[in-house]
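Protein chains: 4
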Amino acid sequence: MIILIQSIDRVGLVAAISGITAKHGHNIVSLREHVDKVENRFFMRIETESETAAAPLEAEIRAVLPQDAIVTINPQPEKKIVVMVTKEYHCLADILVRNYFRTLGASVQCVIGNHSVLENICARFDVPFHLVSHEEHDKQTFENKLAQIIGEHQPDYIVLAKFMRILSPAFVKQFPMRIINIHHSFLPAFAGAHPYRKAFERGVKLIGATSHFVTDELDEGPIIAQQVIPVNHSFTASGMMKAGQEIEVSVLARALRLVFTDRVFVYENKTVVFE
Amino acid sequence: MIILIQSIDRVGLVAAISGITAKHGHNIVSLREHVDKVENRFFMRIETESETAAAPLEAEIRAVLPQDAIVTINPQPEKKIVVMVTKEYHCLADILVRNYFRTLGASVQCVIGNHSVLENICARFDVPFHLVSHEEHDKQTFENKLAQIIGEHQPDYIVLAKFMRILSPAFVKQFPMRIINIHHSFLPAFAGAHPYRKAFERGVKLIGATSHFVTDELDEGPIIAQQVIPVNHSFTASGMMKAGQEIEVSVLARALRLVFTDRVFVYENKTVVFE
Amino acid sequence: MIILIQSIDRVGLVAAISGITAKHGHNIVSLREHVDKVENRFFMRIETESETAAAPLEAEIRAVLPQDAIVTINPQPEKKIVVMVTKEYHCLADILVRNYFRTLGASVQCVIGNHSVLENICARFDVPFHLVSHEEHDKQTFENKLAQIIGEHQPDYIVLAKFMRILSPAFVKQFPMRIINIHHSFLPAFAGAHPYRKAFERGVKLIGATSHFVTDELDEGPIIAQQVIPVNHSFTASGMMKAGQEIEVSVLARALRLVFTDRVFVYENKTVVFE
Amino acid sequence: MIILIQSIDRVGLVAAISGITAKHGHNIVSLREHVDKVENRFFMRIETESETAAAPLEAEIRAVLPQDAIVTINPQPEKKIVVMVTKEYHCLADILVRNYFRTLGASVQCVIGNHSVLENICARFDVPFHLVSHEEHDKQTFENKLAQIIGEHQPDYIVLAKFMRILSPAFVKQFPMRIINIHHSFLPAFAGAHPYRKAFERGVKLIGATSHFVTDELDEGPIIAQQVIPVNHSFTASGMMKAGQEIEVSVLARALRLVFTDRVFVYENKTVVFE
Numbered sequence: 001m002i003i004l005i006q007s008i009d010r011v012g013l014v015a016a017i018s019g020i021t022a023k024h025g026h027n028i029v030s031l032r033e034h035v036d037k038v039e040n041r042f043f044m045r046i047e048t049e050s051e052t053a054a055a056p057l058e059a060e061i062r063a064v065l066p067q068d069a070i071v072t073i074n075p076q077p078e079k080k081i082v083v084m085v086t087k088e089y090h091c092l093a094d095i096l097v098r099n100y101f102r103t104l105g106a107s108v109q110c111v112i113g114n115h116s117v118l119e120n121i122c123a124r125f126d127v128p129f130h131l132v133s134h135e136e137h138d139k140q141t142f143e144n145k146l147a148q149i150i151g152e153h154q155p156d157y158i159v160l161a162k163f164m165r166i167l168s169p170a171f172v173k174q175f176p177m178r179i180i181n182i183h184h185s186f187l188p189a190f191a192g193a194h195p196y197r198k199a200f201e202r203g204v205k206l207i208g209a210t211s212h213f214v215t216d217e218l219d220e221g222p223i224i225a226q227q228v229i230p231v232n233h234s235f236t237a238s239g240m241m242k243a244g245q246e247i248e249v250s251v252l253a254r255a256l257r258l259v260f261t262d263r264v265f266v267y268e269n270k271t272v273v274f275e
Numbered sequence: 001m002i003i004l005i006q007s008i009d010r011v012g013l014v015a016a017i018s019g020i021t022a023k024h025g026h027n028i029v030s031l032r033e034h035v036d037k038v039e040n041r042f043f044m045r046i047e048t049e050s051e052t053a054a055a056p057l058e059a060e061i062r063a064v065l066p067q068d069a070i071v072t073i074n075p076q077p078e079k080k081i082v083v084m085v086t087k088e089y090h091c092l093a094d095i096l097v098r099n100y101f102r103t104l105g106a107s108v109q110c111v112i113g114n115h116s117v118l119e120n121i122c123a124r125f126d127v128p129f130h131l132v133s134h135e136e137h138d139k140q141t142f143e144n145k146l147a148q149i150i151g152e153h154q155p156d157y158i159v160l161a162k163f164m165r166i167l168s169p170a171f172v173k174q175f176p177m178r179i180i181n182i183h184h185s186f187l188p189a190f191a192g193a194h195p196y197r198k199a200f201e202r203g204v205k206l207i208g209a210t211s212h213f214v215t216d217e218l219d220e221g222p223i224i225a226q227q228v229i230p231v232n233h234s235f236t237a238s239g240m241m242k243a244g245q246e247i248e249v250s251v252l253a254r255a256l257r258l259v260f261t262d263r264v265f266v267y268e269n270k271t272v273v274f275e
Numbered sequence: 001m002i003i004l005i006q007s008i009d010r011v012g013l014v015a016a017i018s019g020i021t022a023k024h025g026h027n028i029v030s031l032r033e034h035v036d037k038v039e040n041r042f043f044m045r046i047e048t049e050s051e052t053a054a055a056p057l058e059a060e061i062r063a064v065l066p067q068d069a070i071v072t073i074n075p076q077p078e079k080k081i082v083v084m085v086t087k088e089y090h091c092l093a094d095i096l097v098r099n100y101f102r103t104l105g106a107s108v109q110c111v112i113g114n115h116s117v118l119e120n121i122c123a124r125f126d127v128p129f130h131l132v133s134h135e136e137h138d139k140q141t142f143e144n145k146l147a148q149i150i151g152e153h154q155p156d157y158i159v160l161a162k163f164m165r166i167l168s169p170a171f172v173k174q175f176p177m178r179i180i181n182i183h184h185s186f187l188p189a190f191a192g193a194h195p196y197r198k199a200f201e202r203g204v205k206l207i208g209a210t211s212h213f214v215t216d217e218l219d220e221g222p223i224i225a226q227q228v229i230p231v232n233h234s235f236t237a238s239g240m241m242k243a244g245q246e247i248e249v250s251v252l253a254r255a256l257r258l259v260f261t262d263r264v265f266v267y268e269n270k271t272v273v274f275e
Numbered sequence: 001m002i003i004l005i006q007s008i009d010r011v012g013l014v015a016a017i018s019g020i021t022a023k024h025g026h027n028i029v030s031l032r033e034h035v036d037k038v039e040n041r042f043f044m045r046i047e048t049e050s051e052t053a054a055a056p057l058e059a060e061i062r063a064v065l066p067q068d069a070i071v072t073i074n075p076q077p078e079k080k081i082v083v084m085v086t087k088e089y090h091c092l093a094d095i096l097v098r099n100y101f102r103t104l105g106a107s108v109q110c111v112i113g114n115h116s117v118l119e120n121i122c123a124r125f126d127v128p129f130h131l132v133s134h135e136e137h138d139k140q141t142f143e144n145k146l147a148q149i150i151g152e153h154q155p156d157y158i159v160l161a162k163f164m165r166i167l168s169p170a171f172v173k174q175f176p177m178r179i180i181n182i183h184h185s186f187l188p189a190f191a192g193a194h195p196y197r198k199a200f201e202r203g204v205k206l207i208g209a210t211s212h213f214v215t216d217e218l219d220e221g222p223i224i225a226q227q228v229i230p231v232n233h234s235f236t237a238s239g240m241m242k243a244g245q246e247i248e249v250s251v252l253a254r255a256l257r258l259v260f261t262d263r264v265f266v267y268e269n270k271t272v273v274f275e
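Protein chains in written order, with UniProt numbering: chain A, 1 to 275; chain B, 1 to 275; chain C, 1 to 275; chain D, 1 to 275.
Treat the hints with care, since some could be wrong.
Intra- or inter-copy, both count: the list cannot distinguish identical chains.
[As the list claims (entries may be wrong)] Derived DSBU-like pairs: lysine-lysine, alpha-carbon spacing no greater than 35 Å straight-line:
1) LYS23 x LYS139
2) LYS270 x LYS87
3) LYS37 x LYS87
4) LYS139 x LYS270
5) LYS198 x LYS145
6) LYS198 x LYS37
7) LYS37 x LYS242
Think of the hints as simulated: they come from the structure by calculation, not from any bench.
Here chain A stands alone, though its shape is the one from the complex (with noise of 0.2 Å):
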């Protein structure tokens, strides 16, 4: 069983909560606790050995929480997920892949792409794919569009593969902190477009990518993990473009393993992450 608990913090939580989980007979073989002490918040990540029914049990933990508190008792163990690509398919073949051999930890119930260049990809592992162009429709009736095909599966998260569109602030408050973007630099550096050029431009000698929540402002969402590599002078903008790509699979392959495995809570734009 697992269970995860946002909430304010005061004294006595853990003893309350773990009370509860060892009247029910359930062992805790792994606790994650923090406090945030600027914010005066508790979060708690807890994994017993039994799976048993929760239902009496999270009604007792809520009774011993503050009114406000996020309690979630055994998560869906495999997301719906929803994918968003435009040309590039290095992070959405990865994406595919484990969904084909069931370990992504989530189920793909479709992609919709702006472009149609990875719809042969998807059609070879039979999954739908969506051809919504943002060329024929202007920008509401575009988003329209996306959302009503999101609409349709009822995803638990949208993943934005390399989704090269500005997303409106109307559309992400439709998903809040359910879309996640993978970033082709280590913000905040290089926010906004064209980072690899910029880097080049800058002689940087680590290049990186970041995978966030997205929220009403660009690049600004809570960044949930983060990785680099090395660059240097024998680069071209465009060979860090491609060494770049290996990261970006990398880091959203790890962001999306934390937040489909129920590490990730999310407050006040961080995140906090039990890994």
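Position chains B, C and D relative to chain A; hints supplied.
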């Protein structure tokens, strides 16, 4: 307050312990728990906000735990250490600098060298240096002299900062899990002597360093920390050694920080490290 | 144009070779040179801007070099490879995806598996799959069948993408320095079978993967690339394996890129890699 | 012998230069060459076996190169440096230790501090310390005093080892590409003041350090080396600072080693680093 517990695992330990801290009004700001299911072993580290006297609390905690549980409450915040060296300066100098600026988390009682070359750097930091040559004595006399000097200081830990003599099981037995070594390879690769020469001959692309507790068996004790750096064909064996020394310093510093902040548990030739 | 030279070292080699390229009006945009002083061995890789025919130039270069020098000019830009697998999909899928999108730097001629589980993923990418079971044949017949299929494709390289059978010296001898393996440990640590179990039992804090050319001696061939990732007490042996698979993919991809872009020289059981 | 050349690129440069070294009987043991095609700029570093007098050879090399080529033959093996500090000890202590054991590749002429707290550690290593307070003087007088002390030592480089005052363009102009700074962030992220606080507020998962040459524009000079380390939600801003200090030491040490072994070329606000 810091509470460290190692025990046989059973249902209800977290609840019992956190119930006691809550009763005494301690707010837990960080809790790490691990259960080794193979060994049925329970490890926990708790940090609370207040620092108040722990005496009744300790007795209460002991009362709810299995007989052979190991409980430590508010361990000595500054450890006492004796450092043993041969000729290489890099790890010792790092320790002396941190000791001088009071950021080591420990207090260096003295340095023992089997050569005199590092006496001067100790003198510059007002740290007593004892020369105990291995050449003038048989091994047992040599080790008796070491043990005698160590005995005078009653250190919590003995740090082998590139001490190039192998200590006998009889010596090691006097200080179980209290001798910390830095080995100049990524163990278990290249255990024993001349790891850099072996790494050069094998043509590896990474070299490493390992900090571990010393046990009877050479280079086989529980590992605390490891790190590697890339090398390539342009490195000679001596170039690998120089590069390796940089991470030897870094790995030993990290291992000492972990041990001195009471984040390392030892069990069955392994460590549990709550970073 | 790419020029690769391996030779006994002597004074004037760079001048003689670059004199010839200059005479033909080739501008050198990248030159890497390494001398192994221990072996008195010279390695050079030159990239020039123009691509023009190299025939007279090659003869002139050979004329100024020692007799036994190995000269390659404008090596085949796209290599032909045969991939051999057992049951694990992760390395194969990565190769198939890059092959499909033409970013592998090589063309996969076929996949040979000693189990059939990976046949379907090959079919999805229109790559021929040959099942050669090791169970129905004695070792020599088994290897003869492998060699026969390989022989039909005349590949430049054979990639063992988690092929879990040990190949005999007689087989290996047919493809000297043309078989590339991914080993699931940071060699020479944990050579042989079950490296993750051994790593778990030893309690290491890093696990690794190694890509190397296959020679007669198991896991002892020249190393091309290595990489590690941190693990800790919370990893089971199976968790280490899962984490390790991520870097197996990454290390093999990197080794293949280096080999396929003609950046790897082999000499005396080591590699010189001009990245 | 070490030969460093920076020049406009044209066909035949490598041949012309290596022809001269060959004529003089010098065996090249390491040659690194890079052409920046965007800027049409040629960079070369040659190491030869013998150390013999370079005078006629230098004239001959200059004669075959474009007019404005920058040629350095057998640069001073041990550089002279002045170190400037404020209150943080970590980078300075690392430099003093290496200087004391003659492994810095440079000789520390003196240390200038705008606070007196690091005077004692300098005294312990017999390195002169000059206190130049920024509080008692206006900026120009302050910088004049710095320049005067520096002028007395004629250093090859000035190392800002956590010197927390911003130097004026007029000051910097006196020492073009000769002032090396360590910045406590992964530039260009978190340029300016308080990078650790900003990193904490942004919730990044990696923090970094950057060593660069100082130019007129704050934190915008050519980058020599960068490094990052992982952090997470459990780090306070102050914890990030402590963790960051470890890599500040490491990055600065690495940048200094590269510069002091004549492996760094500067051009157009970037560096070419032949490691």
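Hints and how they fare:
1. LYS23 x LYS139: neither (55 Å within a copy, 58 Å between copies)
2. LYS270 x LYS87: both (30 Å within a copy, 32 Å between copies)
3. LYS37 x LYS87: between (44 Å within a copy, 28 Å between copies)
4. LYS139 x LYS270: within (29 Å within a copy, 40 Å between copies)
5. LYS198 x LYS145: within (33 Å within a copy, 38 Å between copies)
6. LYS198 x LYS37: Between copies only: 17 Å across chains, 37 Å inside a chain, cut-off 35 Å.
7. LYS37 x LYS242: So LYS37 and LYS242 pass the 35 Å test across copies only (19 Å; inside, 41 Å).
Checked against the numbered hints listed earlier, the structure breaks hint 1 alone; every other hint is satisfied.
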